[in-house]
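Novice: Sequence:
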Amino acid sequence: MISLGLIDSAGVDSPSEFFTLLSKGDNPLVFDTEKGFDRLADFIFYKKPFMPWPSKAASARKYLRRSAMNKKLWNDIWDNRKDVTDILPKLTMPVMLIWGDKDRVLDMSGIEIYKRYLPQAKSHILKDCGHAPMIERPGETAAAYLKFLTSSAKH
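With the first letter of the sequence shown counted as 1, position 99 gets the number 98 in numbering that gives the first Met the number 0; the numbers rise by one all the way through.
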């Protein structure tokens, strides 16, 4: 692997609103009602991207049809989650960390944990952005990553 990009990445232990909710048995990322779709968007985005109502309704219905599968996927991921700090020092390639400063799912304090184990890592924090910068701020996310790739290719 030549380089590695991590966007609001899991794998390190940093507190967040999401983990507080999970500890109370509440997972805003998995739902089985239409209201859950709105809650998901409110939770992962700081500024929700515009979504026309027909598209929003269709997306919610599509998600709801896969609700049981989504719950199974989530449970499989959660049950098999790993702390990656033991393997991070073995990664010697250039690393880019991109994070939204308003991420409620994975707190941006994770950047400092990653940097502790990956001293070569660069980071780009998107101000007023939630958990999905590639959706909420695609242009800025792509520009930051492209700049990283360009500078990494020179080394």
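Some hints could be false.
The calculated DSS-like cross-link candidates involving lysine-lysine, where the alpha carbons are at most 27 Å apart (straight line), are [stated by the list, open to error]:
hint : residue 1 : residue 2
1    : Lys61     : Lys46
2    : Lys81     : Lys46
3    : Lys89     : Lys70
4    : Lys146    : Lys121
5    : Lys34     : Lys70
6    : Lys34     : Lys46
7    : Lys101    : Lys55
8    : Lys89     : Lys55
9    : Lys121    : Lys70
10   : Lys70     : Lys81
11   : Lys89     : Lys61
12   : Lys55     : Lys81
13   : Lys101    : Lys34
14   : Lys126    : Lys101
15   : Lys89     : Lys46
16   : Lys89     : Lys47
17   : Lys81     : Lys114
Calculated directly from the structure, the hints in this document are not laboratory data.
Novice: Against this structure, judge whether each hint is valid.
Specialist: Results for each hint:
For the given pair, lysine 61 sits about 23 Å from lysine 46 by alpha-carbon distance, which is consistent with the 27 Å threshold. Note on lysine 81 and lysine 46: the hinted pairing is violated, with a Cα-Cα distance of about 30 Å set against a maximum of 27 Å. Among the hinted pairs, lysine 89 with lysine 70 is inconsistent with the structure: their alpha-carbon atoms are about 33 Å apart, more than 27 Å. Between lysine 146 and lysine 121 the alpha-carbon distance is near 11 Å, which keeps this suggested pair within the 27 Å criterion.
About 16 Å separates the Cα atoms of lysine 34 and lysine 70, which keeps this hinted pair within 27 Å; it holds. As the CA atoms of lysine 34 and lysine 46 are separated by approximately 18 Å, the hinted pair is consistent with the 27 Å bound. With a C-alpha separation of about 23 Å, the suggested pairing of lysine 101 with lysine 55 holds against the 27 Å cut-off. Proximity of lysine 89 to lysine 55 is assessed by CA-CA distance (about 43 Å); at most 27 Å being required, the pair is judged violated.
Annotation: proposed proximity of lysine 121 to lysine 70 is violated, straight-line Cα distance about 34 Å (limit 27 Å). For the given pair, lysine 70 sits about 19 Å from lysine 81 by alpha-carbon distance, which is consistent with the 27 Å threshold. Taken as a hint, the lysine 89 and lysine 61 pair is broken in the structure, with Cα atoms around 40 Å apart against an allowance of 27 Å. For the suggested pair lysine 55 and lysine 81, the alpha carbons sit about 33 Å apart, so the restraint of at most 27 Å is broken.
Between lysine 101 and lysine 34 the alpha-carbon distance is near 22 Å, which keeps this suggested pair within the 27 Å criterion. With a CA separation close to 7 Å, the supplied pair lysine 126 and lysine 101 stays within the 27 Å bound. Between lysine 89 and lysine 46, the direct Cα distance comes to roughly 37 Å. Violation of the 27 Å bound is thereby established for this hinted pair. Between lysine 89 and lysine 47 the alpha-carbon distance is near 37 Å, which puts this suggested pair outside the 27 Å criterion.
A C-alpha spacing of about 18 Å is found between lysine 81 and lysine 114, which places the hinted pair at or below 27 Å, so the restraint holds.
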